[in-house]
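Can you make the complete structure from the sequences, with help from the hints?
Mapping to the numbering used here: the sequence shown position 64 is 66, numbers consecutive.
Hints were generated in silico from the structure; no laboratory data involved. Mixed in with the good hints, there may be bad ones.
[Said to hold, decoys possible] Below, simulated DMTMM-like cross-link-like pairs (lysine to aspartate or glutamate); rule was C-alpha separation at most 25 Å, straight line: (1) K280 <-> D269; (2) K629 <-> D592; (3) K220 <-> D269; (4) K511 <-> D621; (5) K628 <-> D518; (6) K195 <-> E290; (7) K173 <-> D134; (8) K280 <-> D318; (9) K459 <-> D442; (10) K424 <-> D442; (11) K82 <-> E290; (12) K459 <-> E382; (13) K130 <-> E334; (14) K314 <-> E334; (15) K450 <-> E181; (16) K464 <-> E374; (17) K629 <-> D110; (18) K628 <-> D377; (19) K280 <-> E421; (20) K459 <-> D110; (21) K450 <-> D621; (22) K511 <-> E587; (23) K82 <-> E339; (24) K220 <-> D179; (25) K450 <-> D632; (26) K424 <-> E89; (27) K450 <-> E421; (28) K628 <-> D442; (29) K322 <-> D269; (30) K453 <-> E614; (31) K225 <-> D163; (32) K629 <-> D179; (33) K314 <-> E290; (34) K511 <-> E553.
[Claimed, not checked] Simulated DEER-style distance windows between Cβ atoms: (35) R291 <-> P109: 45 to 53 Å; (36) R291 <-> C107: 23 to 31 Å; (37) E503 <-> R291: 26 to 34 Å; (38) S531 <-> R117: 32 to 40 Å; (39) D98 <-> R271: 47 to 55 Å; (40) H582 <-> D442: 47 to 55 Å.
Fair warning: this is a prediction, and the values are worked out from it, not measured in the lab. Glycine included, C-beta positions come from ideal geometry on N, C-alpha and C.
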Amino acid sequence: MPARVNGSDTTTTNSTVDVLIIGAGPAGLMAANWLSRFPDISTRIIDKRNGDLENGQADGLNSRSLEIFESLGIYEIIGKEGSRMSEIAFWNPCPDTGRLTRTGCIPDTIPGLSRFQQTILHQNRIEKHLMDNTLVNSNGSLVVERGVSPETLLIDESLVDDQSAYPITLKLKHLSDAESMPDESVTKVGGIKSGIFRSSLMSAEQEEALYKKDDESKIEVVKAKYVIGCDGAHSWTRRTLGIRMEGEQTNYVWGVLDMIPLTNFPDIRKRCAIHSAKSGSVMVIPQERNLVRLYIQLPQRVKQGEYLDRSKITADTILKTAQAVFRPYTLEASHIEWFTGYHIGQRLTSSFGKHRRVFLVAYVLRGLATPELLDTYTGERQVVAKTLIEFDTKFSKLFSGKPRGKDGLEDEDTISLDEFHKVFATGNEFASGMSIDYGDSQLVHKSKSTKQELASKLPIGKRFFSAQVVNVASATGDQLATRIPTTGAFRLLIFAGNVAEPDQMSRLKTLAAYLDRPDTFLSKYTPRSSKGRDEIIDVVTVHSSPRDKVELYDFPQPSIFLPHNYRKIFVDDESYHLGHGHAYEAYGIDKSVGAVVVVRPDQYVSLIVGLEDTDLLEDYFGGFMKKAQDGGFPAELIPKTQPPSWESAPAEPDNKASLLGAQEIPVEELVIA
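This is the structure:
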């Protein structure tokens, strides 16, 4: 018999899952993509909306995001589809005439900051590529469950410290198609798609009211080990847990148009920051498929804590405001694809989780790390989020304010254009995602027995940037970051130095012998049931000798040179087609000394030590890792590969026919396609 819920007959089912992700936007899909790489973790991702996102609020991918997408294996397709931005143009009113004038240009991405430059691609396309990659990683088992709305969430505090328990109970409602999408009259205005129904112009209560629910829906009770809340600014998860949002919503209101423009404005295919004398400001973002996104400051203002009447924001009213900003240049639209509006606001959550149960939790969930590791999430993200809020507060005020006139008089709404240019330029590194610098923690050893000077240009706590190296086995030049993709493993990057020198090779062999012992971190923290000894801590070697002075099999086995794995040893040397990468110089490493660099699974530098500092490596991994319950993965489980001897090599063929097959082929018929 079906269970009775709220007095009506409603089918109720029960299930368990390791991780439940609430929300299938970019954050939720990133979490799902990561977890899809671990088949031993059961994962589900739900979203109350039925159907994929057609358009999205976000469309910019900064350099760091693209580095992450490369590590996930999806950059190539995103790079082909997206629209790269090279330059930012500033347009401001002439002090004498008030006429809109180009006053300067700067690079959109600081040259040399990354191998990637900012790229624009619609959020729906980004989400599709994340979902497609997740399907591949999970062999089709992890898909977004749409039309599923969370109703209740309870945490049994008596079970939160039991890693085998499922302390979280959620009630999920499976919605019908009609229930899981807002009314057509809300999502389209004048035949044009609108994103207002999911914007900050609405309160959480107003948005919830758009999703009509009845009591006949299927109810599911789920027991979960962990819940990851990725359900946006109006987060149901955050509100249910009683986590506050601290900060203010400004009285500035902005509109957004995705359109194909008809204009004589010369910089319409560049990123532009436009300040008009009296009509507000516009940000121009060129998109793919000849579309351009305009962020337009609207004349409407609201009082603190109030919301603008949404009926006043239409594609037509937004376009008319933009036309006033662009004057004397003309602006019409041959096609408007989408519009929305939003209040500018900066608010920071008071907490990033509860009871160590709302995090990205792969290592803890797999029993590889202690639960205390989860505390680093709040410590790291809170600082980054606070810095972002402070930057955005200053930037949005400068962008939304009116240019100061010739007389230099100022009030609360006027801003200095010189200061705006300065903040825009200096904030470029921060906006690109490259300035994140994590402090001391279990995962980042900045001051605890670390040796930053051994790799002086690789700051501990910052992202590991790529340099070109050459694969020893194939002589192929490549980027080091490309060769250490996201697998969930820590990377032990051994910069072995000039191993053509006997003393330096001796140091490397001593380190390798230590790593191969059954009682060291590499053995005891890697479960014997792992796919390989490199699944948890992956050893990659980069030496600096001339490539022709050292042979592949000169490197010690098995830790440094895993049998038949030719992708783990590189050299900082000349490439035939790409030149010299000078990786040691880029990282600030002395070729005669070398260094060992520990890189976290999210590609942030955790620790730098010398080749002899095995005690510091033990201390680092021992601070949060748990010994494998099955006894670990000692080196003796890895079969060694011996280099072939010349004596055992096959005899030289005695005729041409044996090279080509049973029959001799005339030379003139041999064609290499």
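Checked hints:
no., hint, verdict
1, K280 <-> D269, "21 Å, holds"
2, K629 <-> D592, "34 Å, violated"
3, K220 <-> D269, "53 Å, violated"
4, K511 <-> D621, "21 Å, holds"
5, K628 <-> D518, "18 Å, holds"
6, K195 <-> E290, "18 Å, holds"
7, K173 <-> D134, "28 Å, violated"
8, K280 <-> D318, "20 Å, holds"
9, K459 <-> D442, "18 Å, holds"
10, K424 <-> D442, "31 Å, violated"
11, K82 <-> E290, "10 Å, holds"
12, K459 <-> E382, "22 Å, holds"
13, K130 <-> E334, "31 Å, violated"
14, K314 <-> E334, "20 Å, holds"
15, K450 <-> E181, "55 Å, violated"
16, K464 <-> E374, "22 Å, holds"
17, K629 <-> D110, "47 Å, violated"
18, K628 <-> D377, "16 Å, holds"
19, K280 <-> E421, "19 Å, holds"
20, K459 <-> D110, "24 Å, holds"
21, K450 <-> D621, "10 Å, holds"
22, K511 <-> E587, "24 Å, holds"
23, K82 <-> E339, "22 Å, holds"
24, K220 <-> D179, "13 Å, holds"
25, K450 <-> D632, "31 Å, violated"
26, K424 <-> E89, "16 Å, holds"
27, K450 <-> E421, "40 Å, violated"
28, K628 <-> D442, "21 Å, holds"
29, K322 <-> D269, "19 Å, holds"
30, K453 <-> E614, "12 Å, holds"
31, K225 <-> D163, "16 Å, holds"
32, K629 <-> D179, "48 Å, violated"
33, K314 <-> E290, "29 Å, violated"
34, K511 <-> E553, "15 Å, holds"
35, R291 <-> P109: 45 to 53 Å, "25 Å, violated"
36, R291 <-> C107: 23 to 31 Å, "25 Å, holds"
37, E503 <-> R291: 26 to 34 Å, "56 Å, violated"
38, S531 <-> R117: 32 to 40 Å, "37 Å, holds"
39, D98 <-> R271: 47 to 55 Å, "29 Å, violated"
40, H582 <-> D442: 47 to 55 Å, "36 Å, violated"
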